[in-house]
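Engineer: Sequence:
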Amino acid sequence: GTSLGRLFVSKDAASGSASSWTDRSAGLIGGSIRAIRSIAVDQNNPSVAYVALGGFLMGFDVSVISGVVPFIETELQLSKIELGWAVASLTLTATVAMMLSGPLSDRIGRLPVLKIAAVLFALSAIASAVAPDFLTLVVARLVGGLGVGAALIIAPMYIAELAPAHVRGRMVSFNQLNIVIGISAAF
1 GTSLGRLFVS KDAASGSASS WTDRSAGLIG GSIRAIRSIA VDQNNPSVAY
51 VALGGFLMGF DVSVISGVVP FIETELQLSK IELGWAVASL TLTATVAMML
101 SGPLSDRIGR LPVLKIAAVL FALSAIASAV APDFLTLVVA RLVGGLGVGA
151 ALIIAPMYIA ELAPAHVRGR MVSFNQLNIV IGISAAF
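Counted from 1, the sequence shown has number 120 at position 120 by this note's numbering; the numbering is strictly sequential.
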């Protein structure tokens, strides 16, 4: 049978040395960075690299609220239901944005939708940081949700359409990995 430990530590067949999951992850990240470099420099197409790395910011933006919950609860004197709305409001508009961003990107293009999402991220971050009250914070989070939803759907499509076939899967995977790293960094 297989054990969970074998998923994280395996023996290299050629050398017999053990390699850990983190060593293999470092190899994946290194390979992805080489792929990004080849696309950005050799293909003169830096936007794919930026989109792949932008997954980090998207993941961070989604999760950063978890670190400020105790502070906004006391600072804005939020009830439990208001605190719940402040945290969950982003997912409400993210769901709407996921449904609308695909057809919108078919009309105006993937890159313009990603640029709009980036502006929404920036506006949301600034408004959330200076929010003097509950309503401002929720509106800022709703705006951020539009950016999150659009980025979740459009970024992988944009990367897959522009990346050369030999690195396409790696680039989309790198974007997804950056989302998870961004989520982890927020904690």
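The set of hints was computed from the structure by calculation and includes no laboratory data. Since this is a predicted model, take the numbers as computed values, not measurements. Treat the hints loosely; a few may be bogus.
Distance windows between CB atoms, simulated [to be verified]: (1) HIS166 <-> LYS80: 49 to 55 Å; (2) LEU123 <-> ALA160: 25 to 31 Å; (3) LEU92 <-> PRO70: 29 to 35 Å.
Just so it is clear, CB atoms sit at the ideal spot from N, CA and C, and this is done for glycine as well.
Engineer: Any of the earlier hints contradicted here, and which numbers?
Structural biologist: 3
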